[in-house]
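*Asks:* Sequence:
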Amino acid sequence: MPADQHTEHPADPAQEAARRRTFAIISHPDAGKSTLTESLALHCGAVQEAGHIHGKGNRGSTVSDWMSMEQERGISVTSASMQLEHRGTVLNLLDTPGHSDFSEDTYRVLAAVDAAVMLVDAAKGLEPQTMKLFAVCRHRGIPIITVINKWDRPGREALELMDEIREQTGLEPTPLTWPVGIAGDFGGFLDRGSGELVTVEPSAGGRHLAREQIHTPDEAAQADVDGWEQAVEESELLSASGADPDQETFLEGITSPVLFAAAVRHIGVPRILDALVDLAPSPSPRPDLAGRERALDEPFSAFTFKVQAGMDPAHRDRLAFIRVCSGVFRRGMTATTARTGKPFAMKYAHLSFGRDRDLTDLAYPGDVVGLVNASALTIGDTLYEEPPVEFPGLPRFAPEHFALVSPADRGRTKQFRRGIDQLESEGVVQVLRSEVRGQEVPVLAAVGTMQFDVVEHRLAHEFRAAPRWETLHYSVARRTDEESAGSLEALPGVEVLRRGDGELLALFRDRWHVRGVERTREGLTLEPLVAA
1465 MPADQHTEHP
1475 ADPAQEAARR
1485 RTFAIISHPD
1495 AGKSTLTESL
1505 ALHCGAVQEA
1515 GHIHGKGNRG
1525 STVSDWMSME
1535 QERGISVTSA
1545 SMQLEHRGTV
1555 LNLLDTPGHS
1565 DFSEDTYRVL
1575 AAVDAAVMLV
1585 DAAKGLEPQT
1595 MKLFAVCRHR
1605 GIPIITVINK
1615 WDRPGREALE
1625 LMDEIREQTG
1635 LEPTPLTWPV
1645 GIAGDFGGFL
1655 DRGSGELVTV
1665 EPSAGGRHLA
1675 REQIHTPDEA
1685 AQADVDGWEQ
1695 AVEESELLSA
1705 SGADPDQETF
1715 LEGITSPVLF
1725 AAAVRHIGVP
1735 RILDALVDLA
1745 PSPSPRPDLA
1755 GRERALDEPF
1765 SAFTFKVQAG
1775 MDPAHRDRLA
1785 FIRVCSGVFR
1795 RGMTATTART
1805 GKPFAMKYAH
1815 LSFGRDRDLT
1825 DLAYPGDVVG
1835 LVNASALTIG
1845 DTLYEEPPVE
1855 FPGLPRFAPE
1865 HFALVSPADR
1875 GRTKQFRRGI
1885 DQLESEGVVQ
1895 VLRSEVRGQE
1905 VPVLAAVGTM
1915 QFDVVEHRLA
1925 HEFRAAPRWE
1935 TLHYSVARRT
1945 DEESAGSLEA
1955 LPGVEVLRRG
1965 DGELLALFRD
1975 RWHVRGVERT
1985 REGLTLEPLV
1995 AA
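For the sequence shown, the numbering used here assigns the number 1465 to the initial residue and increments by one for each residue that follows.
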(Lines of atoms letter the chains of each structure in order from A and count residues from 1; the text may use other names and numbers.)
(Lines give C-alpha, C1' and ligand atoms only; values in the text may rest on other atoms or scores of the structure.)
Protein backbone atom coordinates (compact mmCIF):
# COMPACT_ATOMS: atom_id res chain seq x y z
CA MET A 1 0.00 0.00 0.00
CA PRO A 2 1.33 3.49 -0.73
CA ALA A 3 2.97 5.00 2.30
CA ASP A 4 0.76 8.11 2.34
CA GLN A 5 -2.27 6.04 3.34
CA HIS A 6 -1.00 6.06 6.92
CA THR A 7 -0.02 9.74 7.04
CA GLU A 8 -1.78 11.66 9.82
CA HIS A 9 -1.81 14.99 8.03
CA PRO A 10 -3.01 15.25 4.41
CA ALA A 11 -0.45 16.20 1.80
CA ASP A 12 -0.99 18.80 -0.89
CA PRO A 13 -3.63 17.34 -3.26
CA ALA A 14 -2.06 18.78 -6.42
CA GLN A 15 1.35 17.31 -5.51
CA GLU A 16 -0.18 13.93 -4.70
CA ALA A 17 -2.18 13.99 -7.93
CA ALA A 18 1.05 14.53 -9.88
CA ARG A 19 2.36 11.17 -8.74
CA ARG A 20 -0.79 9.24 -9.58
CA ARG A 21 -1.77 7.37 -12.73
CA THR A 22 -5.34 6.11 -13.04
CA PHE A 23 -5.83 3.73 -15.95
CA ALA A 24 -7.96 0.89 -17.27
CA ILE A 25 -7.03 -2.25 -19.15
CA ILE A 26 -9.25 -2.80 -22.18
CA SER A 27 -9.39 -5.56 -24.77
CA HIS A 28 -11.43 -8.24 -26.47
CA PRO A 29 -12.30 -11.24 -24.26
CA ASP A 30 -9.46 -13.73 -23.72
CA ALA A 31 -6.68 -11.33 -24.69
CA GLY A 32 -5.21 -11.65 -21.20
CA LYS A 33 -6.52 -8.67 -19.20
CA SER A 34 -6.86 -10.47 -15.89
CA THR A 35 -3.51 -12.20 -16.38
CA LEU A 36 -1.82 -8.87 -17.05
CA THR A 37 -3.52 -7.38 -13.99
CA GLU A 38 -2.13 -10.21 -11.88
CA SER A 39 1.35 -9.80 -13.35
CA LEU A 40 1.36 -6.05 -12.67
CA ALA A 41 0.35 -6.77 -9.07
CA LEU A 42 3.12 -9.35 -8.76
CA HIS A 43 5.76 -6.93 -10.05
CA CYS A 44 4.57 -4.26 -7.61
CA GLY A 45 4.74 -6.67 -4.68
CA ALA A 46 0.99 -6.70 -4.10
CA VAL A 47 0.81 -10.51 -4.43
CA GLN A 48 3.48 -13.11 -3.76
CA GLU A 49 2.45 -15.58 -6.44
CA ALA A 50 0.46 -15.17 -9.63
CA GLY A 51 -2.70 -17.16 -10.24
CA HIS A 52 -4.26 -17.81 -13.62
CA ILE A 53 -7.83 -17.57 -14.82
CA HIS A 54 -7.65 -21.02 -16.38
CA GLY A 55 -5.64 -22.43 -13.48
CA LYS A 56 -5.13 -26.17 -13.13
CA GLY A 57 -3.94 -28.27 -10.25
CA ASN A 58 -2.56 -26.01 -7.57
CA ARG A 59 -2.82 -22.84 -9.63
CA GLY A 60 -5.17 -20.31 -8.15
CA SER A 61 -7.61 -17.98 -9.84
CA THR A 62 -6.58 -14.39 -10.40
CA VAL A 63 -7.36 -12.26 -7.38
CA SER A 64 -9.07 -9.61 -9.50
CA ASP A 65 -11.73 -12.09 -10.65
CA TRP A 66 -13.52 -12.71 -7.35
CA MET A 67 -16.97 -13.87 -8.45
CA SER A 68 -17.35 -17.66 -8.69
CA MET A 69 -19.01 -17.24 -12.10
CA GLU A 70 -15.87 -15.45 -13.34
CA GLN A 71 -13.61 -18.20 -12.06
CA GLU A 72 -15.78 -20.91 -13.59
CA ARG A 73 -16.06 -19.32 -17.03
CA GLY A 74 -12.61 -17.75 -17.23
CA ILE A 75 -13.91 -14.27 -18.01
CA SER A 76 -14.23 -10.97 -16.18
CA VAL A 77 -17.81 -9.81 -15.71
CA THR A 78 -17.17 -7.22 -12.99
CA SER A 79 -14.73 -4.35 -12.73
CA ALA A 80 -11.86 -4.80 -10.30
CA SER A 81 -10.08 -1.88 -8.69
CA MET A 82 -6.66 -2.03 -7.10
CA GLN A 83 -3.93 0.37 -6.07
CA LEU A 84 -0.27 -0.45 -6.74
CA GLU A 85 2.98 1.47 -6.45
CA HIS A 86 5.95 1.52 -8.83
CA ARG A 87 8.97 3.81 -8.64
CA GLY A 88 7.25 6.08 -6.13
CA THR A 89 4.19 6.50 -8.37
CA VAL A 90 0.73 5.38 -7.26
CA LEU A 91 -1.01 3.30 -9.93
CA ASN A 92 -4.80 3.09 -9.71
CA LEU A 93 -5.68 0.14 -11.92
CA LEU A 94 -9.22 -0.50 -13.07
CA ASP A 95 -9.72 -3.85 -14.76
CA THR A 96 -12.83 -4.00 -16.93
CA PRO A 97 -15.21 -6.65 -18.24
CA GLY A 98 -14.05 -7.76 -21.67
CA HIS A 99 -17.29 -9.26 -22.94
CA SER A 100 -19.39 -6.93 -25.05
CA ASP A 101 -22.49 -7.83 -23.02
CA PHE A 102 -21.00 -5.74 -20.20
CA SER A 103 -20.05 -2.72 -22.30
CA GLU A 104 -22.18 -0.40 -20.14
CA ASP A 105 -20.10 -1.26 -17.07
CA THR A 106 -16.90 -0.81 -19.08
CA TYR A 107 -18.05 2.61 -20.26
CA ARG A 108 -18.61 3.70 -16.67
CA VAL A 109 -15.11 2.59 -15.72
CA LEU A 110 -13.60 4.50 -18.65
CA ALA A 111 -15.27 7.65 -17.32
CA ALA A 112 -13.07 7.31 -14.22
CA VAL A 113 -9.62 6.90 -15.84
CA ASP A 114 -6.99 9.16 -17.40
CA ALA A 115 -5.31 6.58 -19.65
CA ALA A 116 -5.88 3.09 -21.03
CA VAL A 117 -3.76 0.06 -21.76
CA MET A 118 -5.14 -1.59 -24.89
CA LEU A 119 -4.26 -5.28 -24.90
CA VAL A 120 -3.95 -6.93 -28.31
CA ASP A 121 -3.63 -10.68 -28.92
CA ALA A 122 -0.49 -11.30 -31.01
CA ALA A 123 -2.28 -13.92 -33.11
CA LYS A 124 -5.72 -12.30 -33.47
CA GLY A 125 -4.79 -8.63 -33.71
CA LEU A 126 -7.49 -5.99 -33.23
CA GLU A 127 -10.82 -7.67 -32.49
CA PRO A 128 -14.36 -6.20 -32.50
CA GLN A 129 -14.69 -5.45 -28.79
CA THR A 130 -11.21 -3.90 -28.74
CA MET A 131 -12.30 -1.53 -31.49
CA LYS A 132 -15.52 -0.61 -29.65
CA LEU A 133 -13.56 0.22 -26.51
CA PHE A 134 -10.99 2.13 -28.53
CA ALA A 135 -13.82 4.24 -29.97
CA VAL A 136 -15.00 5.08 -26.44
CA CYS A 137 -11.45 6.05 -25.44
CA ARG A 138 -11.09 8.26 -28.49
CA HIS A 139 -14.46 9.88 -27.80
CA ARG A 140 -13.40 10.64 -24.22
CA GLY A 141 -9.90 11.79 -25.24
CA ILE A 142 -8.18 8.99 -23.29
CA PRO A 143 -4.57 8.37 -24.44
CA ILE A 144 -3.78 4.73 -25.18
CA ILE A 145 -0.71 2.58 -24.53
CA THR A 146 -0.84 -0.56 -26.70
CA VAL A 147 0.49 -3.90 -25.47
CA ILE A 148 0.91 -6.80 -27.90
CA ASN A 149 0.34 -9.76 -25.59
CA LYS A 150 0.97 -13.52 -25.93
CA TRP A 151 4.19 -13.06 -27.92
CA ASP A 152 5.34 -16.37 -26.44
CA ARG A 153 2.79 -18.13 -28.68
CA PRO A 154 2.61 -18.42 -32.47
CA GLY A 155 1.18 -15.26 -33.96
CA ARG A 156 1.45 -12.64 -36.66
CA GLU A 157 4.46 -10.60 -37.71
CA ALA A 158 5.19 -7.52 -35.64
CA LEU A 159 5.27 -5.13 -38.61
CA GLU A 160 1.95 -6.52 -39.85
CA LEU A 161 0.38 -5.77 -36.47
CA MET A 162 1.73 -2.21 -36.60
CA ASP A 163 0.11 -1.73 -39.99
CA GLU A 164 -3.21 -3.04 -38.65
CA ILE A 165 -3.15 -0.67 -35.67
CA ARG A 166 -2.43 2.26 -37.98
CA GLU A 167 -5.12 1.34 -40.51
CA GLN A 168 -7.93 0.38 -38.10
CA THR A 169 -7.48 2.94 -35.33
CA GLY A 170 -5.87 5.87 -37.11
CA LEU A 171 -3.24 5.96 -34.37
CA GLU A 172 0.43 5.92 -35.32
CA PRO A 173 2.06 3.05 -33.38
CA THR A 174 5.39 4.09 -31.85
CA PRO A 175 7.02 0.99 -30.32
CA LEU A 176 9.03 1.38 -27.13
CA THR A 177 10.23 -2.21 -27.37
CA TRP A 178 10.64 -4.49 -30.37
CA PRO A 179 10.62 -8.31 -30.25
CA VAL A 180 13.74 -10.34 -30.97
CA GLY A 181 12.44 -13.48 -32.61
CA ILE A 182 9.06 -14.25 -34.11
CA ALA A 183 5.86 -14.77 -32.11
CA GLY A 184 6.13 -18.11 -30.37
CA ASP A 185 9.93 -17.85 -30.15
CA PHE A 186 10.35 -14.89 -27.79
CA GLY A 187 14.13 -14.51 -27.49
CA GLY A 188 13.88 -11.14 -25.78
CA PHE A 189 13.30 -7.62 -26.97
CA LEU A 190 15.13 -4.55 -28.16
CA ASP A 191 14.72 -1.48 -25.96
CA ARG A 192 14.39 1.18 -28.66
CA GLY A 193 15.32 3.97 -26.24
CA SER A 194 18.66 2.53 -25.14
CA GLY A 195 19.36 0.16 -28.02
CA GLU A 196 19.96 -2.65 -25.52
CA LEU A 197 18.89 -6.27 -25.78
CA VAL A 198 16.78 -7.55 -22.88
CA THR A 199 16.61 -11.33 -22.50
CA VAL A 200 14.21 -12.97 -20.08
CA GLU A 201 14.24 -16.24 -18.16
CA PRO A 202 10.70 -17.06 -16.95
CA SER A 203 10.06 -18.91 -13.69
CA ALA A 204 8.60 -22.41 -13.69
CA GLY A 205 4.87 -22.20 -14.23
CA GLY A 206 4.95 -18.39 -14.29
CA ARG A 207 4.21 -18.12 -10.57
CA HIS A 208 7.13 -15.81 -9.86
CA LEU A 209 8.89 -12.93 -11.59
CA ALA A 210 10.95 -13.62 -14.68
CA ARG A 211 14.66 -12.74 -14.53
CA GLU A 212 15.91 -10.13 -16.98
CA GLN A 213 19.41 -9.69 -18.36
CA ILE A 214 20.55 -6.51 -20.11
CA HIS A 215 23.05 -6.72 -22.99
CA THR A 216 24.68 -3.82 -24.80
CA PRO A 217 24.23 -3.68 -28.58
CA ASP A 218 27.83 -4.87 -29.02
CA GLU A 219 27.32 -7.77 -26.63
CA ALA A 220 24.15 -8.79 -28.46
CA ALA A 221 25.90 -8.68 -31.84
CA GLN A 222 28.91 -10.65 -30.61
CA ALA A 223 26.71 -13.28 -28.97
CA ASP A 224 24.99 -13.84 -32.32
CA VAL A 225 21.50 -13.83 -30.76
CA ASP A 226 18.93 -15.26 -33.16
CA GLY A 227 16.73 -12.50 -34.55
CA TRP A 228 18.84 -9.63 -33.15
CA GLU A 229 20.00 -8.25 -36.49
CA GLN A 230 16.48 -8.40 -37.92
CA ALA A 231 15.10 -6.61 -34.85
CA VAL A 232 17.70 -3.83 -35.24
CA GLU A 233 16.91 -3.45 -38.94
CA GLU A 234 13.16 -3.29 -38.31
CA SER A 235 13.66 -0.75 -35.52
CA GLU A 236 15.70 1.44 -37.87
CA LEU A 237 12.93 1.10 -40.46
CA LEU A 238 10.42 2.29 -37.87
CA SER A 239 12.58 5.32 -37.06
CA ALA A 240 12.93 6.16 -40.75
CA SER A 241 9.13 6.13 -41.08
CA GLY A 242 8.68 8.49 -38.10
CA ALA A 243 7.44 5.81 -35.67
CA ASP A 244 9.55 6.96 -32.73
CA PRO A 245 7.80 7.66 -29.39
CA ASP A 246 6.69 11.23 -28.76
CA GLN A 247 5.00 12.31 -25.54
CA GLU A 248 3.10 15.27 -26.96
CA THR A 249 1.44 13.35 -29.78
CA PHE A 250 0.65 10.47 -27.40
CA LEU A 251 -1.26 12.77 -25.04
CA GLU A 252 -3.02 14.36 -28.02
CA GLY A 253 -4.27 10.93 -29.14
CA ILE A 254 -2.25 10.92 -32.35
CA THR A 255 0.22 8.15 -31.47
CA SER A 256 0.21 5.11 -29.23
CA PRO A 257 3.36 3.73 -27.56
CA VAL A 258 3.61 -0.02 -28.18
CA LEU A 259 5.18 -2.74 -26.05
CA PHE A 260 5.49 -6.49 -26.58
CA ALA A 261 4.79 -8.88 -23.72
CA ALA A 262 3.85 -12.35 -22.58
CA ALA A 263 1.93 -11.52 -19.41
CA VAL A 264 1.35 -15.13 -18.37
CA ARG A 265 5.15 -15.53 -18.10
CA HIS A 266 5.71 -11.95 -16.86
CA ILE A 267 7.83 -11.06 -19.89
CA GLY A 268 7.87 -7.36 -20.76
CA VAL A 269 5.61 -6.38 -17.84
CA PRO A 270 8.21 -4.19 -16.04
CA ARG A 271 8.41 -2.04 -19.19
CA ILE A 272 4.62 -1.60 -19.12
CA LEU A 273 4.88 -0.29 -15.57
CA ASP A 274 7.69 2.06 -16.61
CA ALA A 275 5.60 3.35 -19.52
CA LEU A 276 2.68 4.09 -17.20
CA VAL A 277 4.93 6.04 -14.85
CA ASP A 278 6.84 7.90 -17.58
CA LEU A 279 4.12 8.50 -20.16
CA ALA A 280 0.58 8.21 -18.78
CA PRO A 281 -0.96 11.53 -17.68
CA SER A 282 -1.62 12.36 -14.05
CA PRO A 283 -5.12 13.52 -13.00
CA SER A 284 -6.24 16.90 -14.31
CA PRO A 285 -9.09 19.24 -13.30
CA ARG A 286 -12.49 17.77 -14.15
CA PRO A 287 -15.20 19.92 -15.79
CA ASP A 288 -18.60 20.14 -14.10
CA LEU A 289 -22.04 20.26 -15.77
CA ALA A 290 -21.48 23.89 -16.74
CA GLY A 291 -18.04 23.18 -18.20
CA ARG A 292 -16.16 24.82 -15.34
CA GLU A 293 -13.10 22.88 -14.21
CA ARG A 294 -12.82 21.96 -10.54
CA ALA A 295 -9.15 22.58 -9.67
CA LEU A 296 -7.25 19.73 -8.04
CA ASP A 297 -6.56 21.77 -4.92
CA GLU A 298 -10.16 22.91 -4.43
CA PRO A 299 -12.18 21.23 -1.64
CA PHE A 300 -13.03 17.54 -1.92
CA SER A 301 -15.18 16.31 -4.79
CA ALA A 302 -15.73 12.89 -6.35
CA PHE A 303 -18.22 10.94 -8.44
CA THR A 304 -19.60 7.41 -8.16
CA PHE A 305 -18.88 5.24 -11.18
CA LYS A 306 -19.71 1.79 -9.84
CA VAL A 307 -21.78 0.14 -7.13
CA GLN A 308 -21.06 -3.48 -6.22
CA ALA A 309 -22.45 -5.87 -3.61
CA GLY A 310 -21.76 -9.50 -2.83
CA MET A 311 -17.96 -9.20 -3.00
CA ASP A 312 -17.63 -10.73 0.46
CA PRO A 313 -20.20 -13.43 1.29
CA ALA A 314 -19.44 -13.01 5.00
CA HIS A 315 -20.66 -9.40 4.91
CA ARG A 316 -23.85 -8.40 3.13
CA ASP A 317 -22.47 -4.97 2.42
CA ARG A 318 -22.40 -2.84 -0.68
CA LEU A 319 -19.50 -0.80 -2.02
CA ALA A 320 -19.85 2.42 -3.97
CA PHE A 321 -16.66 3.13 -5.90
CA ILE A 322 -15.83 6.81 -6.17
CA ARG A 323 -13.13 8.54 -8.20
CA VAL A 324 -11.65 11.46 -6.25
CA CYS A 325 -11.56 14.55 -8.50
CA SER A 326 -10.28 17.31 -6.18
CA GLY A 327 -9.12 17.96 -2.67
CA VAL A 328 -8.46 15.32 -0.04
CA PHE A 329 -10.69 12.42 0.94
CA ARG A 330 -10.50 11.79 4.69
CA ARG A 331 -12.14 8.76 6.22
CA GLY A 332 -14.98 9.88 8.49
CA MET A 333 -15.60 13.10 6.61
CA THR A 334 -19.10 14.21 5.60
CA ALA A 335 -19.79 15.42 2.07
CA THR A 336 -22.95 16.51 0.25
CA THR A 337 -24.64 14.41 -2.42
CA ALA A 338 -25.38 16.76 -5.32
CA ARG A 339 -28.44 14.81 -6.50
CA THR A 340 -30.27 15.01 -3.17
CA GLY A 341 -28.54 17.87 -1.36
CA LYS A 342 -28.26 15.58 1.68
CA PRO A 343 -25.11 15.00 3.75
CA PHE A 344 -23.32 11.68 3.36
CA ALA A 345 -20.93 10.43 6.06
CA MET A 346 -17.98 8.42 4.74
CA LYS A 347 -17.05 6.52 7.86
CA TYR A 348 -16.07 3.19 6.29
CA ALA A 349 -13.74 3.51 3.32
CA HIS A 350 -11.52 0.93 1.68
CA LEU A 351 -9.05 0.48 -1.10
CA SER A 352 -10.11 -2.78 -2.75
CA PHE A 353 -7.94 -5.44 -4.33
CA GLY A 354 -10.35 -7.83 -6.00
CA ARG A 355 -12.34 -9.15 -3.04
CA ASP A 356 -9.69 -8.10 -0.51
CA ARG A 357 -9.97 -4.72 1.18
CA ASP A 358 -7.68 -2.42 3.08
CA LEU A 359 -8.91 0.42 5.25
CA THR A 360 -7.84 3.81 3.90
CA ASP A 361 -7.61 7.09 5.79
CA LEU A 362 -6.63 9.47 2.97
CA ALA A 363 -7.10 9.61 -0.78
CA TYR A 364 -6.21 12.18 -3.41
CA PRO A 365 -7.29 13.16 -6.94
CA GLY A 366 -7.13 10.11 -9.18
CA ASP A 367 -7.61 7.62 -6.35
CA VAL A 368 -10.51 5.18 -6.29
CA VAL A 369 -12.14 4.54 -2.92
CA GLY A 370 -14.77 1.98 -1.99
CA LEU A 371 -17.41 3.37 0.39
CA VAL A 372 -18.98 0.60 2.45
CA ASN A 373 -22.75 0.35 2.94
CA ALA A 374 -23.32 3.35 0.71
CA SER A 375 -26.99 2.58 0.07
CA ALA A 376 -27.80 6.27 -0.50
CA LEU A 377 -25.45 6.52 -3.51
CA THR A 378 -26.25 5.60 -7.10
CA ILE A 379 -24.09 5.47 -10.20
CA GLY A 380 -23.18 8.95 -11.42
CA ASP A 381 -23.70 10.71 -8.08
CA THR A 382 -21.39 13.63 -7.24
CA LEU A 383 -20.08 14.13 -3.70
CA TYR A 384 -18.55 17.44 -2.63
CA GLU A 385 -17.46 19.75 0.12
CA GLU A 386 -18.43 23.39 -0.34
CA PRO A 387 -18.45 25.10 -2.76
CA PRO A 388 -21.03 22.93 -4.59
CA VAL A 389 -20.19 21.09 -7.78
CA GLU A 390 -21.94 18.50 -9.94
CA PHE A 391 -20.17 16.46 -12.58
CA PRO A 392 -21.92 15.11 -15.70
CA GLY A 393 -23.84 11.89 -15.13
CA LEU A 394 -23.08 8.57 -16.78
CA PRO A 395 -25.36 7.50 -19.66
CA ARG A 396 -27.42 4.31 -19.74
CA PHE A 397 -27.02 2.21 -22.86
CA ALA A 398 -29.88 1.12 -25.10
CA PRO A 399 -31.04 -2.39 -24.06
CA GLU A 400 -31.68 -4.97 -26.76
CA HIS A 401 -32.85 -7.97 -24.71
CA PHE A 402 -35.90 -8.10 -22.45
CA ALA A 403 -37.26 -10.72 -20.10
CA LEU A 404 -40.06 -11.02 -17.58
CA VAL A 405 -38.73 -12.38 -14.30
CA SER A 406 -40.41 -13.73 -11.18
CA PRO A 407 -39.37 -15.91 -8.23
CA ALA A 408 -39.47 -19.63 -8.96
CA ASP A 409 -40.51 -20.16 -5.33
CA ARG A 410 -43.26 -17.74 -4.24
CA GLY A 411 -42.11 -18.26 -0.67
CA ARG A 412 -38.89 -16.41 -1.57
CA THR A 413 -40.66 -13.32 -2.94
CA LYS A 414 -39.19 -10.99 -0.32
CA GLN A 415 -35.63 -12.18 -1.03
CA PHE A 416 -36.28 -11.98 -4.78
CA ARG A 417 -37.52 -8.39 -4.52
CA ARG A 418 -34.49 -7.41 -2.42
CA GLY A 419 -32.16 -9.04 -4.96
CA ILE A 420 -33.72 -7.24 -7.93
CA ASP A 421 -33.49 -3.90 -6.13
CA GLN A 422 -29.84 -4.56 -5.31
CA LEU A 423 -28.87 -5.57 -8.85
CA GLU A 424 -30.72 -2.56 -10.27
CA SER A 425 -28.84 -0.17 -7.99
CA GLU A 426 -25.53 -1.70 -9.08
CA GLY A 427 -26.36 -1.22 -12.76
CA VAL A 428 -26.07 -4.96 -13.42
CA VAL A 429 -29.30 -4.78 -15.40
CA GLN A 430 -32.00 -2.21 -16.12
CA VAL A 431 -35.31 -2.85 -14.35
CA LEU A 432 -38.57 -1.73 -15.98
CA ARG A 433 -42.02 -1.75 -14.40
CA SER A 434 -45.57 -0.84 -15.37
CA GLU A 435 -49.01 -0.65 -13.79
CA VAL A 436 -50.31 -3.13 -16.33
CA ARG A 437 -47.88 -5.89 -15.38
CA GLY A 438 -47.76 -4.90 -11.74
CA GLN A 439 -44.90 -3.53 -9.70
CA GLU A 440 -44.00 -7.00 -8.40
CA VAL A 441 -43.37 -8.43 -11.89
CA PRO A 442 -40.42 -6.51 -13.34
CA VAL A 443 -39.12 -6.60 -16.88
CA LEU A 444 -35.34 -6.86 -17.04
CA ALA A 445 -33.58 -5.06 -19.90
CA ALA A 446 -29.99 -5.79 -20.91
CA VAL A 447 -27.41 -4.88 -23.52
CA GLY A 448 -26.37 -8.54 -23.76
CA THR A 449 -27.86 -11.83 -22.61
CA MET A 450 -24.91 -12.64 -20.36
CA GLN A 451 -26.20 -9.91 -18.03
CA PHE A 452 -29.20 -12.20 -17.46
CA ASP A 453 -26.79 -15.02 -16.58
CA VAL A 454 -25.22 -12.80 -13.91
CA VAL A 455 -28.67 -11.90 -12.55
CA GLU A 456 -29.70 -15.55 -12.37
CA HIS A 457 -26.43 -16.57 -10.73
CA ARG A 458 -26.54 -13.85 -8.09
CA LEU A 459 -30.24 -14.22 -7.30
CA ALA A 460 -29.76 -17.94 -6.79
CA HIS A 461 -26.50 -17.80 -4.84
CA GLU A 462 -26.60 -14.52 -2.91
CA PHE A 463 -30.32 -14.15 -2.25
CA ARG A 464 -31.43 -17.81 -2.43
CA ALA A 465 -34.23 -16.75 -4.75
CA ALA A 466 -33.86 -18.60 -8.05
CA PRO A 467 -35.79 -16.78 -10.82
CA ARG A 468 -38.24 -17.95 -13.45
CA TRP A 469 -37.74 -16.37 -16.91
CA GLU A 470 -40.01 -15.47 -19.80
CA THR A 471 -38.32 -13.93 -22.83
CA LEU A 472 -40.12 -10.94 -24.33
CA HIS A 473 -39.87 -10.42 -28.08
CA TYR A 474 -38.73 -6.82 -28.03
CA SER A 475 -35.35 -5.67 -29.34
CA VAL A 476 -35.57 -1.86 -29.44
CA ALA A 477 -36.21 0.72 -26.73
CA ARG A 478 -36.89 4.44 -27.19
CA ARG A 479 -37.20 7.15 -24.58
CA THR A 480 -40.64 8.73 -24.46
CA ASP A 481 -42.69 11.04 -22.20
CA GLU A 482 -46.02 11.14 -20.38
CA GLU A 483 -47.75 12.97 -23.25
CA SER A 484 -46.89 10.21 -25.74
CA ALA A 485 -47.21 7.20 -23.45
CA GLY A 486 -50.98 6.77 -23.76
CA SER A 487 -50.94 6.86 -27.58
CA LEU A 488 -48.03 4.43 -27.74
CA GLU A 489 -49.62 1.91 -25.37
CA ALA A 490 -52.71 1.86 -27.57
CA LEU A 491 -50.65 0.59 -30.53
CA PRO A 492 -50.35 -3.17 -31.12
CA GLY A 493 -46.96 -4.65 -30.20
CA VAL A 494 -45.81 -1.60 -28.20
CA GLU A 495 -45.32 -1.49 -24.44
CA VAL A 496 -44.35 1.48 -22.27
CA LEU A 497 -42.55 0.87 -18.97
CA ARG A 498 -40.82 3.06 -16.41
CA ARG A 499 -37.14 2.52 -15.60
CA GLY A 500 -35.85 2.84 -12.05
CA ASP A 501 -34.39 6.29 -12.74
CA GLY A 502 -37.83 7.56 -13.77
CA GLU A 503 -37.34 7.45 -17.54
CA LEU A 504 -40.22 6.13 -19.64
CA LEU A 505 -39.15 3.59 -22.27
CA ALA A 506 -41.28 2.42 -25.18
CA LEU A 507 -40.44 -1.13 -26.33
CA PHE A 508 -40.76 -2.32 -29.94
CA ARG A 509 -40.26 -5.63 -31.76
CA ASP A 510 -37.56 -4.28 -34.06
CA ARG A 511 -36.34 -1.09 -35.73
CA TRP A 512 -38.76 -1.46 -38.66
CA HIS A 513 -41.62 -1.40 -36.19
CA VAL A 514 -40.22 1.84 -34.74
CA ARG A 515 -39.87 3.39 -38.19
CA GLY A 516 -43.45 2.49 -39.04
CA VAL A 517 -44.75 4.17 -35.89
CA GLU A 518 -42.61 7.26 -36.48
CA ARG A 519 -43.89 7.51 -40.05
CA THR A 520 -47.58 7.12 -39.25
CA ARG A 521 -47.77 8.76 -35.83
CA GLU A 522 -46.01 12.08 -36.08
CA GLY A 523 -45.53 14.15 -32.97
CA LEU A 524 -44.88 11.26 -30.60
CA THR A 525 -41.71 11.48 -28.51
CA LEU A 526 -39.38 8.59 -29.47
CA GLU A 527 -35.76 9.45 -28.65
CA PRO A 528 -32.93 6.98 -29.32
CA LEU A 529 -30.85 5.89 -26.34
CA VAL A 530 -27.05 5.73 -26.29
CA ALA A 531 -25.98 2.69 -28.29
CA ALA A 532 -23.43 0.25 -26.91
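Hints should not be assumed to be uniformly reliable.
Derived CB-CB ranges, DEER-like [stated by the list, open to error]:
#, residue 1, residue 2, range
1, Lys1806, Ser1667, 48 to 54 Å
2, Asp1688, Pro1474, 33 to 39 Å
3, Val1900, Pro1474, 22 to 28 Å
4, Arg1551, Asp1688, 30 to 36 Å
List time: in silico SDA-like cross-link candidates among lysine to any residue, alpha-carbon distance up to 25 Å [as the list claims (entries may be wrong)]:
#, residue 1, residue 2
5, Lys1811, Glu1849
6, Lys1878, Glu1849
7, Lys1588, Val1600
Source of the hints: derived by calculation from the structure; they are not laboratory data.
Note that beta-carbon positions come from the ideal geometry of N, C-alpha and C, so glycine has one too.
*Asks:* Take the hints in turn and mark each one as holding or not.
*Replies:* Here is how each hint holds up against the structure:
1. Lys1806 - Ser1667: 48 to 54 Å: 53 Å, holds
2. Asp1688 - Pro1474: 33 to 39 Å: 57 Å, violated
3. Val1900 - Pro1474: 22 to 28 Å: 54 Å, violated
4. Arg1551 - Asp1688: 30 to 36 Å: Since the Cβ atoms of Arg1551 and Asp1688 sit about 34 Å apart, the hinted range of 30 to 36 Å holds.
5. Lys1811 - Glu1849: Holds, at roughly 15 Å.
6. Lys1878 - Glu1849: The given pair, whose Cα atoms are some 38 Å apart, is violated under the 25 Å limit.
7. Lys1588 - Val1600: Holds, because 21 Å separates the two Cα atoms, which is no more than 25 Å.
Checked against the numbered hints listed earlier, the structure breaks hints 2, 3 and 6; every other hint is satisfied.
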